Amino acid sequence: MRGRLARWLAAEWRAAVEIAALEPLGGGAIQENWRLDVRVEGSTRALVLRLDAPATLPISHDRAAEYRLLGAARAAGVTVPEPVALCTDASVLGRPFLVMTRLPGSADPRALTATAPHPGLARACGHELARLHRIVPPALGFLGPLPADPAQARLALLRDLLDGLDEGHPALEWGLLWLASHAPPPVAPVLCHADFRTGNLLVEAGRLTAVLDWEFAAWSDPAEDLGWITAPCWRFRRPDLAAGGLGTLDDLLAGYAAEGGRPPETARLRWWQTMATARWAVIALWQAGRHLSQPSLELALTGHLVPELELELLNLTAEP
Amino acid sequence: MRTDPDTSDLVATVRATLKAEVLPHLPPERRYAALMALNALAIAERQLADGAERRAAALAALALFAPGDTLDAAANALARGLRSGAVAPDAGLHAALTAATRQAVLESNPRARSLGEPAQENGSSG
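Just so you know, the protein sequences line up as chains A and B, in that order. Using the numbering used here, you'd call the opening residue of the first sequence number 1 and step up by one each time. Using the numbering used here, you'd call the opening residue of the second sequence number 1 and step up by one each time.
All clues stand as given, with none of them false.
Some chain B residues close to chain A (C-beta under 8 Å, calculated; not the full set):
| no. | residue |
| --- | --- |
| 1 | A79 |
| 2 | H94 |
| 3 | L115 |
Derived DEER-like restraints, expressed as beta-carbon distance ranges:
| no. | chain 1 | residue 1 | chain 2 | residue 2 | range |
| --- | --- | --- | --- | --- | --- |
| 4 | A | R110 | B | P5 | 31 to 37 Å |
| 5 | A | L297 | B | E53 | 22 to 28 Å |
| 6 | B | A16 | A | E265 | 49 to 55 Å |
| 7 | A | G71 | B | G85 | 42 to 48 Å |
| 8 | B | G92 | A | L25 | 47 to 53 Å |
| 9 | A | A114 | B | P24 | 17 to 23 Å |
| 10 | A | L25 | B | A95 | 43 to 49 Å |
| 11 | A | R74 | B | G116 | 41 to 47 Å |
| 12 | B | D90 | A | G77 | 44 to 50 Å |
| 13 | B | M36 | A | T115 | 18 to 24 Å |
| 14 | A | A111 | B | E53 | 35 to 41 Å |
| 15 | A | Q152 | B | P5 | 54 to 60 Å |
| 16 | B | P67 | A | L25 | 45 to 51 Å |
| 17 | A | G77 | B | A95 | 44 to 50 Å |
Keep in mind that the hints were calculated from the coordinates and are not lab data. Note that this is a predicted model, so its numbers are computed, not measured. Every residue, glycine too, gets a C-beta built ideally from N, C-alpha and C.
Build the full structure now, drawing on both the sequences and the hints.
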């Protein structure tokens, strides 16, 4: 793998390339990340190699799409790794891959929320989302047709994903019915990260250094990203801190407004929090299904998160 | 006759041994995998201890809304009924789904926050 990668990078950069380090990075149940140090033209570059996983979810972007998303987000001022190379030729490493800069910090959500509150980080999350939500069509045409109604599009996607599973999930069907009957009116879609939450945020010394994992990015209601990071399932050790266990909802929305974002009304935010709980449960079911073809303790345990997410969804939808 | 100790005893003993004698000596980068393994063993212990009773209790909770011989059959029928509109999403069904789902949570994660009050049953996992 080292030799093939070095030769490809040398051809890509038209320079002599030596691989100084290549080892797996922890984290990421879906993609495969490698720590990559490369000596080129007298200096060492700290990079990450990100491979397509052997089996991806039907809603995951491939590396080529992620490469373009990183570029667009970076141009909009979002704090992301710089994408530096893309290889869509699967014959080089067996799968497509991208190379991006490696930024300092840890994304460990338990460690981060153990030392919360971090109101500055919650505000920084608001800044990042407001900058991201300035990206609107016709940019990034490869993301596909714009949903006329982002909430209904999400509902349709979840129904399709549930239909792709072997067994029925009545608690999730209940949740989808509640969501369908309480859906907010449509808004013009913007670029949403769609997995923006503690665990995908790289933090170094209290500072946000990178927003990671863009594989679910989509045109949607900007309230989707705000509802996702404030859903009960992403608060880890601080269930009392709505903004991903890092800070309060007010911290997050103040940061969002300070960068020009318009905070959603309470009912719309609550709807997307409920949708977040349902969507994470459906993704977890798909990940648990992948354990059967690709045995992994992490994927197997993800399946055991589903009952508590279903119960959370039932708790959130108790009122008619 | 199966030789004692049985499956439950073996799984519980493996988990206790890993936790007391192996986990403390692991380097930090291996600790997360070991904690995941301990969690998986704790789930297996709970399944062996009262998994059948929990599934029966969940099936009983759903019986009024979706007759079925097994929990899977009842859940499948109920999911289809909700999707097609044949089953109405009313308060009684919400209570039944909540009762059935609680049984699954008590097996998968008895310390889950969505259970509300700390669970008394099997509360010693992990």
